[in-house]
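J.: Sequence:
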Amino acid sequence: MKWRAIAIYTPIDKLFFEAPVLELARNLLGQYIVHKQPEGDIVVRIVETEAYHGPEDRAAHSFDNRRTKRTEIMFGTAGLIYTYQMHTHTLMNVVSGAIGTPHAILIRAGEPVVGLELIQENRGHHLKMTDWTNGPGKLSKALGVTMKYYGHHWTDEPLFIAAGAAPEEIVAGPRVGIGNSGEAVHYPWRFYEKDSPYVSKYRP
DNA sequence: GTCGCGATTGTCT
DNA sequence: GACAATCGCGACC
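With the working numbering applied, the first sequence covers 7 to 210.
Think of the hints as simulated: they come from the structure by calculation, not from any bench.
All the given hints hold, so there is nothing to weed out.
No more than 30 Å apart at the CA atoms, straight line, and that leaves these computed lysine-lysine pairs for DSSO-like:
hint, residue 1, residue 2
1, Lys200, Lys147
2, Lys42, Lys154
3, Lys154, Lys20
Here are the computed distance ranges between Cβ atoms for each label pair:
hint, residue 1, residue 2, range
4, Asp47, Gly130, 14 to 24 Å
5, His192, His132, 32 to 42 Å
6, Lys200, Pro26, 14 to 24 Å
7, Glu45, Gly106, 34 to 44 Å
8, Lys200, Leu122, 21 to 31 Å
9, Asp47, Thr94, 22 to 32 Å
10, Lys154, Pro180, 26 to 36 Å
11, Glu62, Gly185, 11 to 21 Å
12, Gly183, Ala25, 22 to 32 Å
Just so it is clear, the structure is predicted and the values come from calculations on it, not from any experiment.
Don't be surprised by glycine CBs; every beta carbon is placed ideally from N, CA and C.
Can you make the complete structure from the sequences, with help from the hints?
T.: Here is the structure:
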C-alpha cells in the first residue's frame, strides 16, 4: 500500500511547560503552534523565542512583581497563554515558572507548515513566504490569533502547541526591542534556529 | 539592499 | 497623556 505520512497534531503534555524559563525557551524551538479554525488548520513551526525572567528582569512586564490586569496571567500556572497588544499587533507568550513566579516566553517567529493559503490570506498576497511569520506581530496575524486567547492554556484546542523535533543547532543572543532596560539589554535570552530564513530581523 | 519614521490602540500613571 | 517585547513604507545608497 502506498501511503504518505499525515501528521496528526495533538496538544503536548502539560509537563513540557514545567522546565525553567530559559530551558523552556530553548525547548519551544521546533515545536508546532496549531490553530484549528472552521476554514482549516494552520500550523507553524517555532524558530525563535525570547525568555523574560520576571521579577528580576528589567525588560519584563512583570519586573519587580508588577501585578496589573495585563501581567496578572503570568502569576498563574505554566503553559497559560499571555497575549499582549503592541500598537496594532498581538504578541503571543507562554507563561512559565511556578505559580506566583511571573516568567514568560515571547514567541517571535515561525516557519509555515500547514494552511499556507490561509496564512497568505491573513498576511496579504503580495508578500514573500519568508515575510509571513518572521516577527511576533506577523506570526499572530498569520495564525489568526487575537487577544481573545489571553488566559487560555497552550494545551487546549483550538490553539495549542504540538510536539515537534528540536533544531540541529540553536543560537543565543540579546533580545530585540527592549531599549531602556539597563543591564538586561545584554542578556542572551533570545534563542533561534541557526540559518532559518524565518527568523525575525535583529534591530539593535 | 539598509535606514528612519510614524501609525495607532490598549494599558498604566 | 505618555508609552510600548512592532510593522510597513518611503527615501536613499
